[in-house]
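These protein sequence lines map, in sequence, to chains X and P.
Read left to right, the first sequence gives residues 1 to 478 (the working numbering).
Read left to right, the second sequence gives residues 1 to 477 (the working numbering).
Since the hints were derived computationally from the structure, they do not count as laboratory data.
Check the hints yourself; a few may be wrong.
[To be verified] Beta-carbon label-pair distances, calculated as ranges:
{"hint": "1", "chain 1": "X", "residue 1": "Y166", "chain 2": "P", "residue 2": "R174", "range": "50 to 56 angstroms"}
{"hint": "2", "chain 1": "P", "residue 1": "P150", "chain 2": "X", "residue 2": "T161", "range": "25 to 31 angstroms"}
{"hint": "3", "chain 1": "P", "residue 1": "S91", "chain 2": "X", "residue 2": "W126", "range": "36 to 42 angstroms"}
{"hint": "4", "chain 1": "X", "residue 1": "D383", "chain 2": "P", "residue 2": "R29", "range": "57 to 63 angstroms"}
{"hint": "5", "chain 1": "X", "residue 1": "T242", "chain 2": "P", "residue 2": "R174", "range": "48 to 54 angstroms"}
{"hint": "6", "chain 1": "X", "residue 1": "P75", "chain 2": "P", "residue 2": "K300", "range": "58 to 64 angstroms"}
{"hint": "7", "chain 1": "P", "residue 1": "Q49", "chain 2": "X", "residue 2": "W126", "range": "35 to 41 angstroms"}
{"hint": "8", "chain 1": "P", "residue 1": "L39", "chain 2": "X", "residue 2": "P75", "range": "38 to 44 angstroms"}
{"hint": "9", "chain 1": "P", "residue 1": "V257", "chain 2": "X", "residue 2": "P75", "range": "44 to 50 angstroms"}
{"hint": "10", "chain 1": "X", "residue 1": "T161", "chain 2": "P", "residue 2": "R174", "range": "32 to 38 angstroms"}
{"hint": "11", "chain 1": "P", "residue 1": "S86", "chain 2": "X", "residue 2": "T161", "range": "36 to 42 angstroms"}
{"hint": "12", "chain 1": "P", "residue 1": "P150", "chain 2": "X", "residue 2": "A30", "range": "53 to 59 angstroms"}
{"hint": "13", "chain 1": "X", "residue 1": "T242", "chain 2": "P", "residue 2": "S156", "range": "38 to 44 angstroms"}
{"hint": "14", "chain 1": "P", "residue 1": "S156", "chain 2": "X", "residue 2": "L85", "range": "30 to 36 angstroms"}
Each residue gets a CB set at the ideal place from its N, CA and C atoms; glycine is no exception.
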Amino acid sequence: MQLPFLQSLQMAWPLAYGLICYAIGRLELAALELRLPRWINLGAAVLLGMGSLALQLALYSLLHIPFVGFLLYGPWLLILTGLALLNLRRGGWLWPRFPTKASGWQVSGWVIEGLLLTLLGLVWVWLLAAQVTTPLTSVDGSAIWMYKAKAFYLNGSLNLTDLAAYAHLDYPVAYPLMVAGFYMLGAGLNESLAFGITGLFALAGMSLLYGYARRRLPAPVCAALSLLLVSLSPVFGLIYATDFMGLADFQVGVAFLFFGVSYSLWLETKEDGPTYLGLTLLAGTLAASLKNEGITFLLLGLLAIGLGLFLKRGQWRLYLADRRLWVGLGIMIIAVGGWNLFTRLNGYTTDLAGAFSASRFFEEVPKRSASIAELLGERFRPDGAYLLLGLLPLFSAFALLARPNRRSLLILILLALLIGQAGFYLLIYVVTPLPLEFHINTTWSRLTAQLVPLNLLITSLAFEQWSVVSGQKNSFEF
Amino acid sequence: MISTPPSDQSIAPAGPSGQRPAWEWATWRLGILALVALLAIFVTQPRLQLRYVSNQLATIIEEGQTQGFYSSQRDEAGNYYVWTQSQAAISFDFQVNKPLKIDLELRSAAIAGGPDAPIRVLANGHELAQIRPDPKNPDFQTFNLKFTPPPAELLSGLKLEILSMPFQPPKDRRLLGTMVKSIAVDKTEAWSGLAKRMWLFGALPVIGLAAIGLGWVARRFRLAIAGYGAMGLCIVGMSLMGLALLLLLRIGSIHFVTFGVWLIAIGYLGGLFWYAALRLPLGSADAPTLSQYLLKLLQKSPPLLRLWQNLTAFGEQVRRLIPKIAIILVFGVVIGLALIAFAKVGPRLSGPQPFQNISADYEKLQIAGLNATEHGILSEGLVFASLHLPLDKKLAIVANYEVSGQDYFVRYWLYPRPFSYESDLAKVQSQGVPSLIILVRCKNADCAGELLPQPVGYTRLYFSQQGLDWLGIFQKN
């Protein structure tokens with residue numbers, strides 16, 4: 001491809017989109033009265049903003065409001081301007097200032113931290129420039145995700161009727177809606193620029209991981225974890241390689257991370273439990289709205305939430321009385337429940353639907369286990385990154401033994417979530433009606449990549465746990 | 001000597017009065033802004049010569065938009081050219097009031113079986129010339145036009161139109177006008193009024209420094225003549241900028257960025273010299289300034305004095321509000337721009353507006369005449385084709401191989417056009433399907449052979465993917 005420099009200048013479009021999403025997300029965080037630590041704020045706001053715009057479009061479609069940029073962004077613009085003017089009138093600053101949770105925030109060594117953040121920023125900008133100069137050539141991108149986005153954008157509604165069946169009409173549509181919303185910003189139908197949305201997910205993932213880890217770990221460790229998030233080969237392939245551009249797997253992986261971070265913050269907090277739980281539900285909703293795998297993750301996540309509520313059983317009244325929690329729950333039911341109802345009513349089912357039965361599972365397990373292990377082994381073996389990804393949960397599991405405490409419980413829950421999700425992928429391989437080798441060949445690296453961000457979050461917790469053992473100060477309690 | 005008026009703050013100009021650092025910082029700011037303005041003038045010199053070749057006329061051009069040009073094609077002699085519709089136009093971003101030169105490289109439609117009729121060239125609706133290329137000459141001929149553009153519509157730039165008698169060749173659905181190879185625009189003469197007088201701006205730093213030096217001498221040595229000299233230089237600087245402004249306005253908007261930047265920069269620089277002249281003492285250091293002298297004159301007329309006092313009081317109120325006004329203005333501008341952007345986005349819903357990244361790239365490769373294996377991948381070819389095919393008419397795709405492996409791409413890029421795969425080319429052509437894509441799998445050597453028909457009005461597409469080559473053609477509407 002030519003014109004990389006000039007084309008890369010067009011990254012201003014995804015940046016503008018990211019900025020708008022960030023502003024929307026910050027408004028929502030302010031409305032939830034959430035005081036997130038630094039960097040986590042950035043990642044959460046961008047993800048919430050993108051999710052909100054997608055949900056807004058889905059609701060517009062329901063209400064027969066056409067997909068027009070003015071109608072999508074106009075209300076937010078009005079709210080933001082109104083708030084800004086209101087603040088000015090009160091003699092305040094243009095932007096609402098949220099107090100950040102200062103506990104644990106280390107300012108020492110800011111020069112090194114500044115350099116590390118600059119490095120991360122450069123990596124991200126380079127990644128974004130690469131993304132917005134990549135043409136759409138991926139099969140799934142053309143057949144499913146960008147295909148739907150194009151249809152939504154051109155039809156001006158969430159209309160799936162004239163799409164080919166191979167577009168998997170049952171798949172959640174948050175990502176295509178985000179892309180359609182991005183086109184409406186003014187960039188027009190431009191697949192390459194829309195790949196910048198993947199870059200925004202990368203930014204969100206890096207900042208969530210960095211921000212969460214940085215609360216207790218030194219900056220170089222946090223920066224290394226963030227760098228791994230985008231550079232480990234399975235993930236890097238997804239966010240850089242032409243063959244994978246336009247897919248939603250990395251996005252759903254970041255949503256898993258968002259869930260993990262929100263959930264951890266919720267378990268940690270003693271004061272704003274309902275709000276953090278509301279955020280956790282929103283993160284789970286985002287995951288379930290991005291890909292089918294997110295739905296199983298949400299189900300597992302709800303189990304984890306149930307466990308957390310059990311741990312916080314003394315505060316149930318507080319939770320029941322807090323409307324912010326109900327808002328999160330309401331959005332989850334509308335978005336996830338609404339979409340699943342829509343697909344049911346229209347008869348859109350997954351091509352794997354017929355395969356899910358206990359009898360088939362027990363019938364296929366003995367037949368396929370060895371083949372699955374062999375096929376996956378063949379693919380994992382040549383690349384050391386997979387070995388590392390396999391060792392990381394082991395490392396985290398050993399951290400459980402290092403010092404049993406409340407954090408151990410958090411690590412255990414998140415590990416169970418990770419392994420449960422991986423187990424679900426294996427379950428699919430067992431029951432798939434597709435030729436096994438074909439199915440594994442076309443999915444194994446993407447599915448592994450989905451789990452990388454959460455895996456790294458758990459690793460950061462394990463690092464903390466080890467640092468406690470090695471005598472560093474630490475205070476962690478539910 | 002005129003004495004300084006009593007300490008009436010409402011009429012006394014804001015001066016140092018013990019606040020020297022603030023005054024000095026304000027002066028520095030003014031100076032830095034002046035340097036920025038001067039730099040902006042030198043950086044935003046307009047591009048005076050523009051040449052648009054066929055593929056640019058068919059797609060995107062600098063400093064304007066085109067309308068009524070078909071896609072670029074290549075003749076047997078290797079010339080790249082575009083057919084115009086009966087009415088083709090270029091709407092430029094600029095509008096000048098001085099002579100312009102435009103060179104049109106054209107060929108008569110008679111060469112391709114069209115009429116030998118004169119071509120009318122219009123500028124802002126006024127006829128400039130009637131051109132008649134040699135109907136027997138297959139070479140492109142250059143026609144030079146020199147003219148002063150007539151006034152344009154409000155907020156519009158120069159609109160150049162090429163009107164020709166339309167004809168429809170056999171086996172081609174298009175209505176054709178004439179063949180254009182290139183269009184060149186030369187704004188050198190129009191800009192010469194300022195280009196020859198760039199010394200107006202070059203002299204400013206010298207004048208400014210000299211004025212500062214003389215001002216210092218006047219203060220340090222209480223030398224009245226130096227004070228007069230400093231003031232005189234400021235007035236000279238202001239006059240030079242007045243002259244520059246006059247020249248710029250006489251030329252007109254040579255480029256919207258240049259015109260805007262120069263207008264603001266010249267206004268600022270002229271205003272700064274005027275402001276300095278007002279603030280300098282008339283003669284030696286303890287003499288009143290020109291502004292004080294003028295105020296003294298004002299005091300002799302009570303109604304004027306009251307007006308002045310009211311104005312200064314109002315000015316003070318405005319000054320206090322400036323930060324908030326500025327912020328509100330910025331918001332207003334941002335919202336305004338966003339509304340304009342959205343208004344422009346609205347029409348996109350009526351049909352696809354694919355961005356031209358990939359297709360432009362592909363088109364460039366096609367025009368560069370590179371061989372088939374270097375022509376990108378199937379998707380690139382398809383997006384290129386999709387730009388030229390109608391949305392609403394049925395499309396037939398004829399292929400000599402099993403296309404299911406490419407179906408994803410074909411469906412994506414052609415969406416939302418209805419289409420069907422066919423296998424018999426002759427049958428499809430006899431049915432008169434409005435649009436047709438033909439995909440033929442071939443080896444590199446075979447691709448140039450007889451596998452494909454070569455009907456008039458079709459454009460060839462070359463694909464190369466996974467070690468195999470495809471050659472296709474599509475019929476443009």
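Here's how the hints hold up against the structure:
1. X:Y166 / P:R174: 50 to 56 angstroms: violated (36 angstroms)
2. P:P150 / X:T161: 25 to 31 angstroms: With Cβ atoms ~53 angstroms apart, the hint is violated.
3. P:S91 / X:W126: 36 to 42 angstroms: holds (38 angstroms)
4. X:D383 / P:R29: 57 to 63 angstroms: Since the Cβ atoms of D383 of chain X and R29 of chain P sit about 59 angstroms apart, the hinted range of 57 to 63 angstroms holds.
5. X:T242 / P:R174: 48 to 54 angstroms: violated (36 angstroms)
6. X:P75 / P:K300: 58 to 64 angstroms: Because 59 angstroms falls inside the window, the suggested range holds.
7. P:Q49 / X:W126: 35 to 41 angstroms: With a Cβ separation near 36 angstroms, Q49 of chain P and W126 of chain X satisfy 35 to 41 angstroms, so the hint holds.
8. P:L39 / X:P75: 38 to 44 angstroms: holds (41 angstroms)
9. P:V257 / X:P75: 44 to 50 angstroms: Cβ of V257 of chain P to Cβ of P75 of chain X: about 33 angstroms, so the range 44 to 50 angstroms is violated.
10. X:T161 / P:R174: 32 to 38 angstroms: Hint holds: Cβ distance 34 angstroms, inside 32 to 38 angstroms.
11. P:S86 / X:T161: 36 to 42 angstroms: At roughly 40 angstroms between Cβ atoms, T161 of chain X and S86 of chain P fall inside 36 to 42 angstroms, so the hint holds.
12. P:P150 / X:A30: 53 to 59 angstroms: holds (56 angstroms)
13. X:T242 / P:S156: 38 to 44 angstroms: This hint holds: roughly 43 angstroms between Cβ atoms.
14. P:S156 / X:L85: 30 to 36 angstroms: Holds: the Cβ-Cβ distance is about 35 angstroms, inside 30 to 36 angstroms.
Taken one by one, the earlier hints fail for this structure at numbers 1, 2, 5, 9, listed in ascending order.
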